[in-house]
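Peer 1: Sequence:
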Amino acid sequence: MKSISASPNVEKLPYFWTRETLSSILGREEYLGHTVNLRTRKKSYKDKRKVDNPKEDWLIFKNTHEAIIDQETFDIVQKMRSHKRSNKRYKNRIGHENLFAGLVFCGTCGRKHYFCPQEKNGLNHDHYKCSGYRKPIDGCENPHYIQKSALIEIVSDKLRQTIQEIHFDKEAFLKKLEQQSQAQFTRDNKRQRQQLEKDEYRSKEIDRIIQKLYEDNLLGKISDERFVKLSQTYEEEQQQLQSSISDLTEKLAKQEEDNLNISKFMARISKYTELPDLTVEIVNELIDKIVIYKPTGTKRNRIIQIDIYYNFIGKLNNEKSESDELTR
Numbered sequence: 021m022k023s024i025s026a027s028p029n030v031e032k033l034p035y036f037w038t039r040e041t042l043s044s045i046l047g048r049e050e051y052l053g054h055t056v057n058l059r060t061r062k063k064s065y066k067d068k069r070k071v072d073n074p075k076e077d078w079l080i081f082k083n084t085h086e087a088i089i090d091q092e093t094f095d096i097v098q099k100m101r102s103h104k105r106s107n108k109r110y111k112n113r114i115g116h117e118n119l120f121a122g123l124v125f126c127g128t129c130g131r132k133h134y135f136c137p138q139e140k141n142g143l144n145h146d147h148y149k150c151s152g153y154r155k156p157i158d159g160c161e162n163p164h165y166i167q168k169s170a171l172i173e174i175v176s177d178k179l180r181q182t183i184q185e186i187h188f189d190k191e192a193f194l195k196k197l198e199q200q201s202q203a204q205f206t207r208d209n210k211r212q213r214q215q216l217e218k219d220e221y222r223s224k225e226i227d228r229i230i231q232k233l234y235e236d237n238l239l240g241k242i243s244d245e246r247f248v249k250l251s252q253t254y255e256e257e258q259q260q261l262q263s264s265i266s267d268l269t270e271k272l273a274k275q276e277e278d279n280l281n282i283s284k285f286m287a288r289i290s291k292y293t294e295l296p297d298l299t300v301e302i303v304n305e306l307i308d309k310i311v312i313y314k315p316t317g318t319k320r321n322r323i324i325q326i327d328i329y330y331n332f333i334g335k336l337n338n339e340k341s342e343s344d345e346l347t348r
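Residue numbering for the sequence shown is 21 to 348, as defined by this note's numbering.
No lab work stands behind these hints, which were simulated from the structure alone. Be careful, since some hints might not be right.
[Claimed, not checked] Straight-line alpha carbon distances no greater than 25 Å define the calculated SDA-like cross-link-like pairs of lysine to any residue that follow:
#1 Lys249 to Leu233
#2 Lys291 to Glu191
#3 Lys75 to Arg101
#4 Lys335 to Leu194
#5 Lys99 to Ala121
#6 Lys99 to Ile89
#7 Lys224 to Leu194
[As the list claims (entries may be wrong)] Label-pair distances were calculated between CB atoms; the ranges are:
#8 Ser283 to Asp227: 52 to 62 Å
#9 Glu86 to Asn337: 15 to 25 Å
#10 Ile230 to Ala273: 54 to 64 Å
#11 Asp189 to Val97: 28 to 38 Å
#12 Arg246 to Ser102: 51 to 61 Å
C-beta atoms are modelled at their ideal positions from N, C-alpha and C, and glycine is treated no differently.
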């Protein structure tokens, strides 16, 4: 944003955009084709100053006009904006960029890793370590330290391997992704569909039973007390069935969503025939998170396990949790 607002061509633009203006523009859902109302409100009828409303109070009307940006690109931008990228001491210094901001997690405690820019004797010692390390309460047992340069090398190698595999045999790679997805969800798919049909049938049956009870009560065949007791019992059963139906429907829909997610991932990664040097944009477009586990060994024999989870598809099964030798 700073490079745009400070561009030498800024005088050619009809307006002067500050960093704050650009930040506001990047977060506006109107560019997705939506109309957003109630962003602000007046303090009172006496005080005309505007105050921001919390997002849950906004009114959003979707697809009211033509979009100029797609949802996926918008989501990537919001993901990048949500993470802190700079350190006051090393702010805007070349070589100390926080390339993996918000993406690196501890495999032991699950907390995010801090980015620690460091320079000593003219050498770059930027690294990541667990934010839970040295916490007085519920601290992590190990800093899970890793140099930024080593992490860049590992991530680049894994991405290049995936890209090469896709270009070597795209159909085989797709089949592998589909098998990975199917293995997670189709095991219980048939049972879930049968249970869903059974629950839906029983729920409709209860509607008929309650209607019959109501008619019998009107005709005096059953007492009011008996009617209330029976109807309450059936209604409680129906509530449990509705909860089960909702849960099963969600699980079955997830499998269909995963098939769509495979297509989304392939569309993103297929743009790259070769992987250039990693950038913030490439990292956030392809990677959901990076998990770093407790290292073993010391100094030059230090070994650390790293798992990469890709956007839409998670961790690739063929990508074993590599143990990479790293030097401090």
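Peer 1: Hints broken by the structure, by number, lowest first?
Peer 2: Violated: hints 7, 8, 9 and 10.
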